[in-house]
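Just so you know, the protein sequences line up as chains E and P, in that order.
For what it's worth, UniProt numbering labels the leading residue of the first sequence as 1, then goes sequentially.
For what it's worth, UniProt numbering labels the leading residue of the second sequence as 1, then goes sequentially.
Note that these hints are calculated values from the structure, not bench results.
All values reported here derive from a predicted model rather than from experimental measurement.
The beta carbon of each residue, even a glycine, is placed where N, CA and C say it ideally should be.
Any given hint might turn out to be false.
Derived, one-sided and incomplete: chain E residues facing chain P with beta-carbon distance under 10 angstroms [claimed, not checked]:
#1 M1
#2 S29
#3 A48
#4 G52
#5 R54
#6 S61
#7 A62
#8 T91
#9 N96
#10 I126
#11 L220
#12 I278
#13 K280
#14 F287
#15 I289
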Amino acid sequence: MAVLVIADHDGAHLRDTTLKTIAAAQKLSSDIDVLVYGEASAVAAQAAAAEGVRKVLTAESAELKADIAEAISALIVSVAGGYDVVAVPATASGKNFAPRVAAVLDVAIISDVVEVVDASTFVHPIYAGNALETVKTSDAKRVITVRPTAFKAVAASGGSASVEGVAVPAVTLKTRFVSDEKVVSDRPELGSAKVIVSGGRALGSADEFKGVLEPLADKLGAAVGASRAAVDAGYAPNDYQVGQTGKVVAPNLYIAIGISGAIQHLAGMKDSKVIVAINKDPEAPIFQIADYGLVEDYKTAIPALTKALG
Amino acid sequence: MKVLVPVKRVLDYNVKVRVKTDQSGVDLANVKMAMNPFDEIAVEEAVRLKEKGVVTEIVAVSIGVAQCEAILRTALAMGADRGILVQTEDDLEPLAVAKVLKAVAGEETPDVILMGKQAIDGDNNATGQMLSALLDWPQATFASKVEISGGEALVTREVDGGLQTLGVTLPAVITTDLRLNEPRYASLPNIMKAKKKPLDTKALADCGVDTAARLSVVKVTEPPKRSAGIKVASADELVANLKSAGVL
């Protein structure tokens, strides 16, 4: 059995989501190849150094770099013949193209895998993580997306896989890339941060969100997250959203500030190691899952916390 | 311009999810069901496009049990013109749903298929992408803004790291994200009017596609529960606790 892992990267760095997807693949097979598409050259060497990788495949084109799903899925389908399983990190990008690959191969997609039971049996969350479904597929080829937070990353070094380029299949695209509007930040990415400071609607404005959370995040070297309500209200960019339909995170420390704790938000952070809730409403549901709760208005609590951290 | 909007009947998002004690699934007996919230956003967007004069006809389609008619009536009350119910007792997987929708699209020949990015029951986030691949139409998923002109949809998408804008040549599949719009509540007169709007029912078998399940459910279980920890009285006490827990 052979597994093809699709790399998640930013053109310069292999993200640890890839290392975690390789870890999931290791539960299936020791024959693991990694496909790096887009701006592949720098990242291919990092993928080749990852633990347990047999071979790295690279493919470059403008469409692949622009993350156009039609181009990526055509590429994956063109090499999928040699593999039993295609494993994709369950990021927004991965979820954009993985189902296309499954449809073209005429197989089921198994989304957000959190546990590999055996070669054809997987566990994944449904209903915002309120239930865990174990499914067994009858398809010979399997396409899965892997929830990175559920797996421990393989070592980023020590491997010495070979790297080879693959041909990019010709696709007549009916999609054109117009523009990107990416949030530029020096902070750690939400998905891989060890500490996350997350704010809710109680913050009341974009200025307050920034003014209150950023000094604390700076002190902790933390990523900044947000509830859906805060993003909907325009206090934070969409990329910050933690929850059922946003990012799923599992840092060592998650500090929820002014977040009530809707089930949809909990779905995205309840696997964090330690959860802190700071909210002036003692009845807020977030306290029911928090390891440490501080019932206090963020306006006094956060400056005090930032100060107490020294 | 014609828009097809697939709508799914799901457990209402406010209802507490209960796993059946025999681990066969989630208990859906005698609980409130509603339109998948992402599909409501898709209906709303289609209606807004019609109000702007871009779209002339909105067809809502649902696949499932007879009670899906209520969901279609909601779509009609919001402003859809016509409903199609593809009736089945089977719980179809995303691939099968995509195949059925492809067959419906073949009959209806819409210019745009607008649908929710995911259903809040299975959380798969897959059907729109699969449909796009099967139809060989371009896709623009996770839309937070849609503008249609000159045979192209300009779609701003919520992606890792921010936003991306794509231009997709019509016909295309567009899936909706949360911030595309805020769906309206149907007014009472519109609810009454919706009862008279055309709604066709057809049997799944008449679609002529293979919808056999590829996955068998081994079991459905409850996730491990987290319990409430302790309340601290001050920021200083919090920091002391976090230090002793080893996370600072």
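So, against the hints stated earlier in the document, which numbers end up violated here? 1, 2, 3, 4, 5, 6, 7, 13
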